[in-house]
Structures are given as C-alpha cells and as structure tokens.
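2 protein chains.
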Amino acid sequence: MIRLTLALDAMGGDFGPAVTVPAALQALAYHPQLELLLVGSPAAINPLLVKTDSVLLERLTVVPAESVIASDAKPSQAIRASRGTSMRIMLELIKDGKAQACVSAGNTGALMGLAKMLIKPLNGIERPALMTVLPHRQQGKTVVLDLGANVECDGAMLAQFAIMGAVMAEEIVGVNNPRVALLNIGEEETKGLDNIHQAAALLRSIPSINYIGYLEANELLTGKTDVLVCDGFVGNVTLKTMEGVIRLFLSLLKSSGDGGRQGWLMKLIKRWVKKRLARQFGHLNPDQYNGACLLGLRGTVVKSHGAANQRAFAVAIEQAMQAVERQIPERIAARLDAVLPKSD
Amino acid sequence: MIRLTLALDAMGGDFGPAVTVPAALQALAYHPQLELLLVGSPAAINPLLVKTDSVLLERLTVVPAESVIASDAKPSQAIRASRGTSMRIMLELIKDGKAQACVSAGNTGALMGLAKMLIKPLNGIERPALMTVLPHRQQGKTVVLDLGANVECDGAMLAQFAIMGAVMAEEIVGVNNPRVALLNIGEEETKGLDNIHQAAALLRSIPSINYIGYLEANELLTGKTDVLVCDGFVGNVTLKTMEGVIRLFLSLLKSSGDGGRQGWLMKLIKRWVKKRLARQFGHLNPDQYNGACLLGLRGTVVKSHGAANQRAFAVAIEQAMQAVERQIPERIAARLDAVLPKSD
Chain A
124 MIRLTLALDA MGGDFGPAVT VPAALQALAY HPQLELLLVG SPAAINPLLV KTDSVLLERL
184 TVVPAESVIA SDAKPSQAIR ASRGTSMRIM LELIKDGKAQ ACVSAGNTGA LMGLAKMLIK
244 PLNGIERPAL MTVLPHRQQG KTVVLDLGAN VECDGAMLAQ FAIMGAVMAE EIVGVNNPRV
304 ALLNIGEEET KGLDNIHQAA ALLRSIPSIN YIGYLEANEL LTGKTDVLVC DGFVGNVTLK
364 TMEGVIRLFL SLLKSSGDGG RQGWLMKLIK RWVKKRLARQ FGHLNPDQYN GACLLGLRGT
424 VVKSHGAANQ RAFAVAIEQA MQAVERQIPE RIAARLDAVL PKSD
Chain B
124 MIRLTLALDA MGGDFGPAVT VPAALQALAY HPQLELLLVG SPAAINPLLV KTDSVLLERL
184 TVVPAESVIA SDAKPSQAIR ASRGTSMRIM LELIKDGKAQ ACVSAGNTGA LMGLAKMLIK
244 PLNGIERPAL MTVLPHRQQG KTVVLDLGAN VECDGAMLAQ FAIMGAVMAE EIVGVNNPRV
304 ALLNIGEEET KGLDNIHQAA ALLRSIPSIN YIGYLEANEL LTGKTDVLVC DGFVGNVTLK
364 TMEGVIRLFL SLLKSSGDGG RQGWLMKLIK RWVKKRLARQ FGHLNPDQYN GACLLGLRGT
424 VVKSHGAANQ RAFAVAIEQA MQAVERQIPE RIAARLDAVL PKSD
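Protein chains in written order, with the working numbering: chain A, 124 to 467; chain B, 124 to 467.
Hints are computed from structural coordinates only; laboratory data are not their basis.
Careful: at least some of the hints might be erroneous.
If several chains are the same, the list does not tell them apart, and a pair holds so long as it fits within one copy or across any two.
Unchecked claim - Here are the simulated lysine-lysine pairs, DSSO-like style, with alpha carbons at most 27 Å apart:
| hint | residue 1 | residue 2 |
| --- | --- | --- |
| 1 | K218 | K347 |
| 2 | K347 | K390 |
| 3 | K377 | K397 |
| 4 | K239 | K218 |
| 5 | K243 | K221 |
| 6 | K174 | K397 |
| 7 | K243 | K390 |
| 8 | K197 | K218 |
| 9 | K377 | K347 |
Next up, chain A with everything else stripped away, as it sits in the complex (with noise of 0.2 Å):
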C-alpha cells in the first residue's frame, strides 16, 4: 500500500475544527493508506481527538500554527502577515515534500496568492485556475473553470487553461479526448468579448485539443462537454448561481405541501415520494462535489467552500487524494510541455 500524505488547513472555513477535525477522522477511517498532517490550534484540535480510536491517531499528526488568515482578509495583507498562519505553514509542507497534497476552506485570494509563491506555477503557465468537476445529467461529469481565483483573463490564460481542463477530463473523469468549450452568451464565432475570441484561435490551433467551440450556460449541466472554460468572475458567478438554484430546488422539494389538511396516509406516502426525488436529484447536491483545485502548480492544492459541512469537507479530502493518486501537476507539466509553443 501506498501511503499518501495530505496536509489540512484546520482553521480555515466558517466553521473551523468542528468540521475540518471530524472530517479528517472520517477520511482516515475509511483510507487505510492516508496520512494527515492537521495544522492548527492544538488548543482548538486536540479536545476534538480525546474520544477518537487510538489506531486512527497513529496517521494523524497535529502540527501547531498560532494563527489564522481571516475569511475577510484584504489578500495582499493577509500575505504579507502570513508567517504562522495555520494555512501558510500547511503550504509549506508541501513546499518541504513533507506533504503530497493540501486541503483548505480559508480565504481564497490569500490561499491563491501564497500558493503562487510558496508552490509556484509549472512552466506556461501565467496564473494558476480553480477547476472543479460537476455532474451532468447524462451522468457524466463536466471540468469546469476558472472558478475565482483570476477574475480578469486574456486568452492566453484561457488557452492555458483548457489545455488543463482537458487534462483533468482525461485523467479524473476519464474521458478520451475530451471535448473543450469556452463559455460565451452565443455559440456564433462574433458573439462575446475579445479574450474569448483570442483563446478560441488559440485553441483552434492546438492539434491535440478537441476544440468544439462555444457554448452557452444553459448547456452547464447538459453534458455537451467534457471541460468549459471562462474567466474567474464568470466561473464564480455561474457556479453560484448553479448552487443556489440547486439548494432553493432542494429546499421547496423537502417543504413543499407539508401544511394544510391532509390524511395520515396521504402525508406518508408524500414524504417517501420526496424522500426518493430527493435521492434523485442528490448528485446535483453541492456539497457531493466541494473542492476545487487550484491547476497549474507544481503541487496539489484543494479549495473546499468556506460554508462546507463535514461530508463536503471529506469530499475536498478525497479530491485532494485522487489529484495525487492520478499525479495530475506531472500530467499538466507534460501537456504543456508539448503543446506550448518552446520559448528559445
């Protein structure tokens, strides 16, 4: 068995510990070749492990960190101020070879922009993207980015972004020659803004990328390609409106009808009918795919959603796990080797 080694952020998020601890519990359970390295508050962690099974605690290391980056740091300050935070210290890690991959739910840009430096992108590539992989209705899935972490792209950043999607597609989805889009408000060649039309020339030059041009958000979901690509602030957008869509769907689904006047029977046979729907439509839930990975360096970084529960946590756990498993930055580094133009 080979053994992997995964350093979390364990103050980052909304919630702190009281997720990310027991989420890291739940991981080692149920991965016998998992090692993780908590970084953090002792003070904070360790009254969370007092009733946990000796044997898991053996693959469970607590590394102190005296401080926290804030959700709402300002980025570049909060890096400039970053020398023994529990998230800086867990980069470092990585940096070391002391960690294979890396979780956090803390704040983005800070998270973006220590990552940038302490890890450093792989060559070709300008600025590191959010990926994350979304299910489509055909049951596939769908790579999709970048997610945040550049709200401004030109089109070579775009380009260089599909060229990793279209890694990710054939490496975690496990598709062949994956299909790439770019994300625009019309599929005709005109519509759109200027950095979209630079990237699909880009694109369209590349042999090895099975461009198909462009598509419209509507189509998120449908399965008509295996990686979308966009800007930061359109990835980021377009994922929420997705997820809060899916979370009003959800919500009406468990409330909808419980009032009013209504037999036993009727009201049972209500509930296990939506109980199923809900069951249906569960893999569309957003907590089934938290986690997006921060593409383009030369390590793994996951970004889990700063409201993640337990259960989305644990998800982030695992996508950082398969990212090493499937050693995607070697598999990006080598892509881009052989399609980037050689700067002598």
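Assemble chain B onto chain A, guided by the hints.
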C-alpha cells in the same frame, strides 16, 4: 377603456408566426383594450388567422414586411441591411407613434442596435440595458439587468442600470424604496472588478438610491435585494445558468422513477405528488417570466426569448402592456433627470 396598441415582430424567433400568431390571438382574447399590429409576411401570417373569430380580428392588423433578420446574423451587417425587415418596420411603428410598445423574439444584437438608432436613448443613458423580473423564494420579485445588451460596461453605465432598475422595482413590482445591489464574487469591498467598484462609489453618492452593496450569485433567488445589477455578459450567463438548472430539475421531476416495477396505485399516487410539486415549482419555470425589457429608450421594446413557445411569447406581450400602462420610459426619464448631475 384606454386603447393600447402594440406592434409585434411576427417573424422573429425560432418558430416565427407558428408561435407569435397564436400568442397574439391569446393576448387579444384576454385583453379587450389591446390592439395588435402584426408585422411580417402576410403569406405566412394569414393562413393562421383563417379560423379566428372576426371580433378578435377587428383589433388585429397585419403590417406587411418583405424580409426577416436571421437570428444568427451579425448585428452590424443585419442593421445595415435592415430596411423592409419585420423588426425594423415594427420599430418604425413606435417611432412614428403608431404603436406604444413592441415585442420581438428576433436577433438580440440587431434589436438593440436598431432600437437605439430609431427610438433613441433617454437623456443621461449611454446604452440601453435588457432587464427582466425574476421570481424569488419569498414570493416576491427581483429586477435583474443587464442581461446581454452590453457585454462590457463601465461604472457609470452600471450605475445608470441601477437607477433604471430601481424605477422598475417601484413601478412594476410595487416595492417602496427598493434595495439595489451589484452582483459580485464576494461581499467585501475589495472583491471583483474595477467597474463594479466605480459603480458602488457612484451609487453610494445618490441619496435616493437604496444601495445595499454587493451580492453573490447564489443570492439570485433568495430575495435579499429588489434590484440586481451586472454587466450584460455576466447577466446573460447568470440567467442562462439559472434557466438551465431549472429546466433540468423540471425534466428530472417529470421523468424520475417512471420505470421499475410498481403497482398501479403507487404509480398513480406518485404521478399526483409529482404534478403537485411541478405546480409548486411552476413560478420558477422560465416560460413564466419570458420577455426582457430594453430599458433606457424613449419607448418600450421587449425582447422575447428566441425559443419562446406560445405561452412564453404571450407573457412577453403582457410585459410590454405593463410597461406602457405604468409609463416606464417616462418615469425612468423623470428619475434620471432628478438624480443625474446636470451638464451645463
């Protein structure tokens, strides 16, 4: 009874007269004060009127137009060659005072460009914006703009959209002192793009606007704001993401659990429960809020979704009627006059 005359582009949209003519007849039947000018090819329209009650036909006039602007035509070229098209003749009817408002499901870019050229923007408006009214979970409604008329916007344009949106929320939704928010990728001041920061500064300086700050896209349907403002690229992506997810849910709801071995009673009960659920989600069905108003012009122009069915196109006609009855262009002009800095 005050007469109300609308011009309809009978040829626009994916289905042309097959959808627009029945929708027009439906609107005439519902609204005795309505008169319609159906602009398009008489050869295509007249056969669809054969079986119509002659009382309805008294309020319907077919205005002949030789040609149609294709949905996928490049707007600049389409506008140059627009003489004699159904869309242009429809707009000329507004310009000449023969109709009070108009509806088209045709090419968005061409409609925007021609409307600006023929109907002219209001004083203080650089570019008109596409606006719609979305339902939210608290049974209220949110005004959202721009939905795609302007792919790039500076801060001043976003602020103008916000002012127009506030008038819509007051007059169409009936909200006093409506809350106005800017769509962004975080609620913190420093998040997002420069044009959004500039718009925020402008809106804070206008005392009559109830500016509440940034909102993220997962709040789109939660009712936290009455007006949500963004650029046309982001607005288009947001709206289409939402529509895609809602249509996916409605189709899953329809098809879920239909297979499998079940007794006929259970099948009947399940069908009944699902029908009730579908009705409860019905107010979120995109057909129910079809029709985006092009705000900021000296007249009312409504853009219907190109793929609109009869019901959806009829909803767009109602939007146009409402805009005339509430005197939207006049009220926006008055509000702009009150809040915008005077140029001496």
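To see whether the hints hold, each was checked on the structure:
In this assembly of identical chains, the alpha carbons of K218 and K347 never lie at most 27 Å apart, being 38 Å within a copy and 43 Å across copies at closest. For the identical chains of this complex, K347 and K390 are neighbours neither inside a copy (39 Å) nor across copies (32 Å), given an alpha-carbon limit of 27 Å. Both within a single protomer and between protomers do K377 and K397 lie at most 27 Å apart by alpha-carbon distance, with minima of 7 Å and 13 Å respectively. Within a single copy, K239 and K218 get their C-alpha atoms as close as 11 Å, which meets the 27 Å cut-off; across copies the closest is 57 Å, which misses it.
Taking CA atoms no more than 27 Å apart as the test, K243 paired with K221 passes inside one copy only; the shortest distance there is 16 Å, against 65 Å between copies. In the homo-oligomer, the alpha carbons of K174 and K397 never lie at most 27 Å apart, since the shortest distance is 36 Å inside one protomer and 45 Å across protomers. Proximity of K243 to K390 under the C-alpha cut-off of 27 Å is found in neither arrangement, the shortest distances being 57 Å within a copy and 58 Å between copies. With identical chains, the CA atoms of K197 and K218 are at most 27 Å apart within one copy only, with a shortest distance of 24 Å there and 51 Å across copies.
When the C-alpha separation of K377 and K347 is checked against a cutoff of 27 Å, the pair qualifies only between copies, where the shortest distance is 21 Å, while the shortest distance within a copy is 30 Å.
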